[in-house]
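Protein chains: 4
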Amino acid sequence: MSDVKKVVLAYSGGLDTSVIVKWLQETYDCEVVTFTADIGQGEEVEPARAKAQALGVKEIYIEDLREEFVRDYVYPMFRANTIYEGEYLLGTSIARPLIAKRLIEIANETGADAISHGATGKGNDQVRFELGAYALKPGVKVIAPWREWDLTSREKLMAYCEKHEIPVDFSKSKKKSPYSMDANLLHISYEGGILEDPWAEAEEDMWRWSVSPEAAPDEPTYVELTFEQGDIVAIDGEALKPHEVLTKLNKLGGDNGIGRLDIVENRYVGMKSRGCYETPGGTIMLRAHRAIESITLDRESAHLKDSLMPKYAEVIYNGYWWSPERKVLQAAIDETQKHVSGVVRMKLYKGSATVVGRKSEQSLFDESIATFEDDAGAYDQKDAEGFIKLNALRLRIAASKGRNAS
Amino acid sequence: MSDVKKVVLAYSGGLDTSVIVKWLQETYDCEVVTFTADIGQGEEVEPARAKAQALGVKEIYIEDLREEFVRDYVYPMFRANTIYEGEYLLGTSIARPLIAKRLIEIANETGADAISHGATGKGNDQVRFELGAYALKPGVKVIAPWREWDLTSREKLMAYCEKHEIPVDFSKSKKKSPYSMDANLLHISYEGGILEDPWAEAEEDMWRWSVSPEAAPDEPTYVELTFEQGDIVAIDGEALKPHEVLTKLNKLGGDNGIGRLDIVENRYVGMKSRGCYETPGGTIMLRAHRAIESITLDRESAHLKDSLMPKYAEVIYNGYWWSPERKVLQAAIDETQKHVSGVVRMKLYKGSATVVGRKSEQSLFDESIATFEDDAGAYDQKDAEGFIKLNALRLRIAASKGRNAS
Amino acid sequence: MSDVKKVVLAYSGGLDTSVIVKWLQETYDCEVVTFTADIGQGEEVEPARAKAQALGVKEIYIEDLREEFVRDYVYPMFRANTIYEGEYLLGTSIARPLIAKRLIEIANETGADAISHGATGKGNDQVRFELGAYALKPGVKVIAPWREWDLTSREKLMAYCEKHEIPVDFSKSKKKSPYSMDANLLHISYEGGILEDPWAEAEEDMWRWSVSPEAAPDEPTYVELTFEQGDIVAIDGEALKPHEVLTKLNKLGGDNGIGRLDIVENRYVGMKSRGCYETPGGTIMLRAHRAIESITLDRESAHLKDSLMPKYAEVIYNGYWWSPERKVLQAAIDETQKHVSGVVRMKLYKGSATVVGRKSEQSLFDESIATFEDDAGAYDQKDAEGFIKLNALRLRIAASKGRNAS
Amino acid sequence: MSDVKKVVLAYSGGLDTSVIVKWLQETYDCEVVTFTADIGQGEEVEPARAKAQALGVKEIYIEDLREEFVRDYVYPMFRANTIYEGEYLLGTSIARPLIAKRLIEIANETGADAISHGATGKGNDQVRFELGAYALKPGVKVIAPWREWDLTSREKLMAYCEKHEIPVDFSKSKKKSPYSMDANLLHISYEGGILEDPWAEAEEDMWRWSVSPEAAPDEPTYVELTFEQGDIVAIDGEALKPHEVLTKLNKLGGDNGIGRLDIVENRYVGMKSRGCYETPGGTIMLRAHRAIESITLDRESAHLKDSLMPKYAEVIYNGYWWSPERKVLQAAIDETQKHVSGVVRMKLYKGSATVVGRKSEQSLFDESIATFEDDAGAYDQKDAEGFIKLNALRLRIAASKGRNAS
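Residue numbers (our numbering), protein chains in the order written: chain A, 152 to 557; chain B, 152 to 557; chain C, 152 to 557; chain D, 152 to 557.
The set of hints was computed from the structure by calculation and includes no laboratory data. Some hints here could point you the wrong way.
It does not matter which identical chain is meant; a pair holds if it fits inside one copy or across any two.
Unchecked claim - Keeping only pairs whose Cα atoms sit at most 20 Å apart, straight-line, the calculated SDA-like set for lysine to any residue is:
| hint | residue 1 | residue 2 |
| --- | --- | --- |
| 1 | Lys552 | Ser519 |
| 2 | Lys462 | Gln481 |
| 3 | Lys510 | Ile414 |
| 4 | Lys510 | Gly553 |
| 5 | Lys402 | Glu218 |
| 6 | Lys498 | Glu365 |
| 7 | Lys510 | Ala353 |
| 8 | Lys498 | Val362 |
| 9 | Lys173 | Met309 |
| 10 | Lys402 | Glu375 |
| 11 | Lys402 | Glu518 |
| 12 | Lys478 | Ser458 |
| 13 | Lys392 | His315 |
| 14 | Lys462 | Glu486 |
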């Protein structure tokens, strides 16, 4: 195991990844570079510096990636109205490619030959980190301690801490919770604990980002979202950067009990797992984006997008952000968004984000044609007969041969 | 126009179709057979008999099709989690094929050579009626008065009534509304009026089937739905027929402010139109069906279904229920539903239908594998390395040739 | 019919379109502008000038569009390996959008308010011309004489000629043939005559561009095709423009009996029709393009392309080149072609175009990994176990629940 | 390694799998059951009995599976016009699920707890065998010697033979060839040797099943193929069983130089590999099947099939025959074949299989509509105008807003 000289670790500052720092130093006899990023998880990242230093780390990267995260990952994904398995907004999936990219860039900067992460061998995140890493630096060595070590229980982990004098308070995270959680600007997720029984309802005090719909205000909140080429650029007329948009929508959504989700999903590694998610801002964004598309996007482009979406969602969920197929899909999706600009008005109320209005200078909604009133010749109803007749022709021929019987 | 001997008309008993009866008799000098069906629109159908008789109709068909409607049309469609353009549950679309089928069957029974309907030349319904009719009886003549006559304004229509002594009270429908509405067991729709401005919010008193979320009870309602092979067969343990299921879910949903929708959609005839819909029961069903699938359906079957769904939705929306391609898609979808059985528990509260539990004897959720705790060897985490390595191989080769750069 | 002032006609110089010139002048009392293009149909276009002048046409457009045709239409289409219904290379379909575009451009230049063409009301070409025209100039008036006039038999047409003194020799085209034919640089097509019986074999003397395989040389011809980003740029090392490439490949293919096709296809207007096609160069191009992709294109991008291709083919066949959905698909396809460069070696022999070699600096074929010999550790066979195990996991869980029985 | 009691081995009777018998006995100290099947590879299978006995095997299965192979695997696959990556007819892929099924059935019969095969760790076949095995018997142990042992060179293998007295003549196969070959009734494949250079042309004497097109008869052969519900049931009017059909078509095709293929394909394990294939009968079948579909299959069903085919091909290529998603796709495909019956006439000549005629009582080709002559009102050309106008509507609206510019 001596062939690794230096490894860049995705370091949260928590107990587990602190143990990994020590374990890497010890097991591989190598230098460890830590990388800690603020992607909106809601915890301070700066304290990771002292912890890493205490563990003997010399090269410490601490970065605020919130804007890049939303601009280059969340926004492109939302252009496709991306949902995995009909429900999941991919909040965890979309954060991994950015981390993978920075791990590799830091490896290149620091001359490291390996990267490491704290994801287990059962989940999707290991796949996402590693596919990204291999795609960006094909010769990189990946170390996944959870697949290698024998610290397979809480007790063994604690014993290891004690032996290696890893400060106990590293574990005093705010995350005192029976759940395994993960958070970034797009969402917070919960797994494990009683959720391992899919029949059990999540406890109310599990949810951290949103009030319960029951506890939300009795008055609805209205908000206007301005889109440019598929992305939200302003809220109620105030221009905002992408991460500011999402931050504000998370607040609005959370206050109104919006964005809770409780699902069983199919992991790429082959098992079903139960997860709960809070995606307040994303839930609003998705609905609003569909609404602005509804008046600005051509029908066939919209249907084509819809037919590609499940594949695109799968690609992201499975960890192939840094793949050629994702770029191909993105090229198609981005092509559809050129005219997706305008304003959507939404009503937020006790768990629901409802579209109540949409307008755009790019609108293809033609009131003069659609009207139930006299349209002054904008549309000739007689055209419909030929339209139907020719669309029916193949059905009629088949029927005349005795097919199509009900 | 004398080549039509007898025509079967889809007759609602309302003013418009009553005018059509007279207009057909007069214009085509033919016998008119009326067909009025209860598909759950919430209005008595029996009164249509006297009205038809008053118009001189001799062959009058009045039928309760509610069970057939839900069993053979709504349920098969919901097996696919069908949504048009990301939002619309196809409440109007799915009722048309049944009407088309009965029109043709009655034409065959009565020796009629034509059918007729009251849909306009701008909408989707004319297409759905007529494609169905042609597919089932290729030589049938279709008469669409709205595309033919000159009664293009309310005034002309009223003048026609007066001239032909069509009783005034035919227009005293309960539908005193500025909106064009359509209802069946799955939904009620609203178009026209102020909705023709996509920026205008629908007025609260437009909605007929649901209370506003604001006015819904302050306490959530829990309900358990039992599925067999993809279809709901019981509510809270009580076995129900398909139309009874939907009737009950409509009540539960409506009482809790569930199922309102306000969208701009793309019609098959080429224009965008704005519609509002209430689909209380359907909204609950869709969510519940996804939930029961989440534990009983194989991942790849589920993803395959998801990729076919937009096409399936389009086929139904565009009126191709009675087409070979719909049957092909249905064969695929039905094949997936063999094990989609079990119970879903839902919480209904102020506009939201939330899944809080799901269980099944057919469950593929394997807690012993998914657990965060010790899995006693059910899953070997080391397998993940090879899995990732080979999935990454093509990406690594590409990267080694200088591709994939971020 | 007096609302048309000036109409641009797609004019071949043949008898039918000459009649149309006169019929338009007479029926619409309007000025006619003729547009005649060389797109490689193999007939002189300049003679059309005198004919048009003789008919009183003042604005006459005669253009050589061969390079534009291949560069901007044929090449982009071949990047997708486009085939309609498994067989047809879309030779007619792909020429129509260019003609439609020029008709509209000329209408704009000459101040014309209408366009006209000589396609019948039964075929696809009317749709392709008119969808293109409407997409590029929404208010244009389209005149399709074959759908309007009563010159529905050869006799009536001839009588019209005599009456209007349209010179008899206009009909002395080289196309003395019982078939309806259409040609451009990509193909020549045959319809009608004995082909209307799908069981009847086409007569040998019908084919005009290729010798029969039986009559082709007894020695194979080898040729090397150089691709850059998906397009052929050189043949046997000689750099050529797109239309020169296709001209040369047509010669090579035709001489070797390559590219004949005899099919029944499904028209957009709803009927099946039988057609025979010769596409010598295109047949070679398609095979060669697949071959260069086979070593330069990533697997998942390739599979994604393959899954989009049927839709793309349908879009082009149905006449939607100038649609947003075609642009979306093209964006995806073009994104895949960035590295599709290299050389393919083919053997042409008595009707077959066979790939015998392919090489590229962009090749992703890694001999050191693929080899059956010792690979010096380039690939760890043990990785396969984990790969298979996790891919099998969902199947094993299902099987353990009693599913999957053969 | 002592936990295996009895293992069923896919045994060819050749040297490699004979070594595996011994190696399994020695390494796992277990009983070995051999299974040898005739799936049309063109070699006697009975000699495998004596060889297995000589190796101390007590339970020996030797079976003729040719009919089952074609009827239950090849035929269903051809109903979909299945081609992998535009070229490959999946000759190897489709044989593996049957072998996997029989291995598991024999394991169940003999009380074996493991299966084994002679596929390497680099190829697709290991995946196909093992996914099948796991899907049908989730707890089975799979032993893949090539991934485990150290007999990684020909020398080591020979040394092992000598040491264990495995008769030398076991290696005297007819397959004296520099290529790795695999054969069954559908095809014979070649890999390795000079083929590892994708630029190198295969040597003429490599090909074993077909004469070269150059050496094929100078006179074409005509053949009539009768289909019932998508499957060939007779040749030139003679009723034949599925495997007899394929045997005869292989002879006809091979004699006429038909079915050679030289490609680079993308393996599921992530690498590109070069392979040459001879599929004489399959090449004829595919073309013929498309032809009978062309007159009997509805357009939209046909296009839907075409859009599903790449997925279906991928599923089979990757080894997921025994998966739920294959069954879903098969259900859709089989639904399309109900009327795919009739006769196709083909011309075989020097490498080409050309369709020259097709007829069917189920034909949807309607000459009275398609004709260029007077159709007596079967089709009203004026219908085309409305058809085009409404299909153009969305394009016109977009254009009127300044989009669609060329």
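So, going through the hints one by one against the coordinates:
no. : hint            : in the structure
1   : Lys552 x Ser519 : between (42 Å within a copy, 14 Å between copies)
2   : Lys462 x Gln481 : both (11 Å within a copy, 18 Å between copies)
3   : Lys510 x Ile414 : between (34 Å within a copy, 12 Å between copies)
4   : Lys510 x Gly553 : between (49 Å within a copy, 17 Å between copies)
5   : Lys402 x Glu218 : within (17 Å within a copy, 46 Å between copies)
6   : Lys498 x Glu365 : both (17 Å within a copy, 12 Å between copies)
7   : Lys510 x Ala353 : between (39 Å within a copy, 15 Å between copies)
8   : Lys498 x Val362 : both (17 Å within a copy, 16 Å between copies)
9   : Lys173 x Met309 : within (13 Å within a copy, 48 Å between copies)
10  : Lys402 x Glu375 : within (15 Å within a copy, 33 Å between copies)
11  : Lys402 x Glu518 : neither (36 Å within a copy, 35 Å between copies)
12  : Lys478 x Ser458 : both (17 Å within a copy, 16 Å between copies)
13  : Lys392 x His315 : neither (44 Å within a copy, 66 Å between copies)
14  : Lys462 x Glu486 : both (17 Å within a copy, 17 Å between copies)
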